[in-house]
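Could you use the hints to bring the two separately framed chains together as a complex?
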Amino acid sequence: MSPIDPRLQEALDGERDPGELAADLGEAYARLIAATQLLSATPRLSVAARVMAEIRQNPAQAQTGGPLRRSIRWLGRPITVRLRPAWTLALAAGLAAVLLLPFERGGPTPGVTQGVAKFVGHFPGARSVEVVGSFNDWSRGALALNDDDHDGIWHADAVLPAGQHEYMFVVDGERWVPDPLAGRFVDDGFGEGQQNSLLIVRPAAAQP
Amino acid sequence: MVNNGAPDVEVVARVLGGDGEAFGILIRRYEPGLLRFATRMLGNPDAAADAVAESLVRAYRHLAQCRDPERLRSWLYRITGNRCRSHLARRHTNDISLSEAPPLADGSDTWAALERSEQVALVERALAALPAEKREAFVLKHVEGMSYEEMATVTGARIPTLKMRVHRAREALLAALEEVVR
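So the protein lines, in turn, are chains A and B. As numbered in this note's numbering, residues 2 to 209 make up the first sequence, in order. As numbered in this note's numbering, residues 2 to 183 make up the second sequence, in order.
None of these hints come from the bench; they were simulated from the model. Even for Gly, the Cβ is constructed at its ideal location relative to N, Cα and C. Warning: the hint list may mix true and false statements.
[As the list claims (entries may be wrong)] Covered by chain A, per the in silico footprint, the following chain B stretches (three or more residues, Cβ under 8 Å):
{"#": "1", "stretch": "21 to 34"}
{"#": "2", "stretch": "120 to 126"}
{"#": "3", "stretch": "133 to 147"}
Just chain B, with the same shape it has in the complex (with noise of 0.2 Å):
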């Protein structure tokens, strides 16, 4: 039985030695992560549940193919990001309609928390009307904060790349945000 809290290398060498169970571990570590960027990524709950779990069943059956178990969760979204890109050419288009962006709200029914779901709207809305490229690069470094040679790794993206994506999609949020308090 191998311990919850145990490292990756360690849980990863358990799945690969027939313990198909311990997966889970990796499953609960990462998938709130996952979840979160999928949707931002495709702006849709159920696109991204979809795309996530994919990307888990697929890992699981790839998982000698992990080349360095240690950076697993670079290699976990970089199947994701994968799949959620195969999801949006799919839709013939990389933007996601704001009709898809649901805000994640947080279920109380109150003033504050209405005024959050708007705000949370608005942010989304600014973000969907990123290219993929960008909004990806985005999510990565402020939503996951991820650092740049982490990135790299998970988009097979250059790091001076990376920078111009997120520089470029921090003034196209900021632009939308300011356009939208005049």
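Next up, chain A with everything else stripped away, as it sits in the complex (with noise of 0.2 Å):
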């Protein structure tokens, strides 16, 4: 395999005019425009069906839905989420003393197969924060954090399901953060190397 004339690269890249190649670059500029359209065909095929079919029969997704029916979603749903962040290792050094706080003091309960997780962040000017992941199917509105005395620290509680779970935050609506100190993370499957926080629920019966 020989390099091609650069002549070539641009005009194929639309930065040089066909029409100026020499004839044998002109040659091999058509044959790799026939080939080019020889594999522009569409098949002959439709998942149309199959994908609608797969959704009705399975409706839940990321819709963000009104306040009342995110309210209902939440309760029903068995929510459970374990969280690491902090986003200096004071705060992380505050919060796990936090964190072992029992959960009897007028936290969320969970139930054996579930455990408590604790949502801190740092975000300073911030109108909202809320967390979406797995455990909530991504759902906006589902978790909300809190930042009551205006110092920028967003916190909120929530049981979550024992296991592990991927989550970012929402700030203002629009802008999605995975949790930067967050312990694990993993690449969030939709490419540009953006990746979610990771967190791993341990059972409340088998926290000390």
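Next up, the structure:
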């Protein structure tokens, strides 16, 4: 395989008029264009019916819905998240102490196969912060963080099923932010090197 | 009822608002290109249909995660590209076998159709011999007609890297085609 003349590459990239190419390069240009045209036929397939059937059969999806619907969905789902975030080591240390508090202190009560997670993030100036993740089908509006004292530290507690969950923060309803200090990350599967934060919820029964 | 010609952003908002049927508009809009892309990547129409169906269901489930609905097309290609890569990885090779790359023939039983079908098979064989990354870059550029900027969004690769892959793919294809002519 020998390198193609740069002028031919430029013509194929639309950076040069192919009419200016020498005869041999013009022939190669035409051959490649003809090949791409042969590849451009659209397959006589359709997966539309199959996809829509799947969606109708299991309609749960990341729709935002209204506040009432979101609340009902949230209440009806056994939530559980265990959060690792913090924005400084100091906060992480403080958080560790908070996480060690017994759950009976007015917080959510997990079942045997659930655990409590505390989400914390530092987002000064944010108007809203929420958590979306695999535990709520990435549904917006299902788990909002609060910053009642307006110090830029947003937090929320949740009960989640024991196991591994991916999650992200959504700031001001539009900015998706992985938890910078989450202990683990996983590729979000959508390319661009984006990563979801990963948390592992241990069942409350297994916690000391 | 959302208009079939409504912009992607409007349709996405409709779906996220609870109108799951509106997702059918997006399927009809992007299915042909996605199937073409997946077929060229996997060389097998059945595998391509599986990859695209899985990708569209995944896109529906994670639609709220689409950070820029105005670039929905790129997002869908990205998901489909990832599915194709996963499929190829499961086969423990990035190459597709020739037997799995049947031509997308016209279907009409004419000499011209047969000849065209053979030409398609020839080009497909040359494409199938490319490493997956170069094949993907070539297909996105020349079959799907994307700009290098959009290709970067779809693949996550840098534009100079993509240009290099396309250039190398062209060289390999041209060499394969000239070999046959001789």
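Hint check results:
With 9 residues bearing a CB less than 8 Å from a CB of chain A, the stretch 21 to 34 of chain B meets the requirement of three and the coverage assertion stands. For the stretch 120 to 126 of chain B, the stated coverage by chain A holds: 4 residues have a C-beta nearer than 8 Å to a C-beta of that chain, and at least 3 were required. Coverage of the stretch 133 to 147 of chain B by chain A holds [criterion: at least 3 residues with CB-CB distance below 8 Å; count 3].
Of the numbered hints stated above, none is contradicted by the structure.
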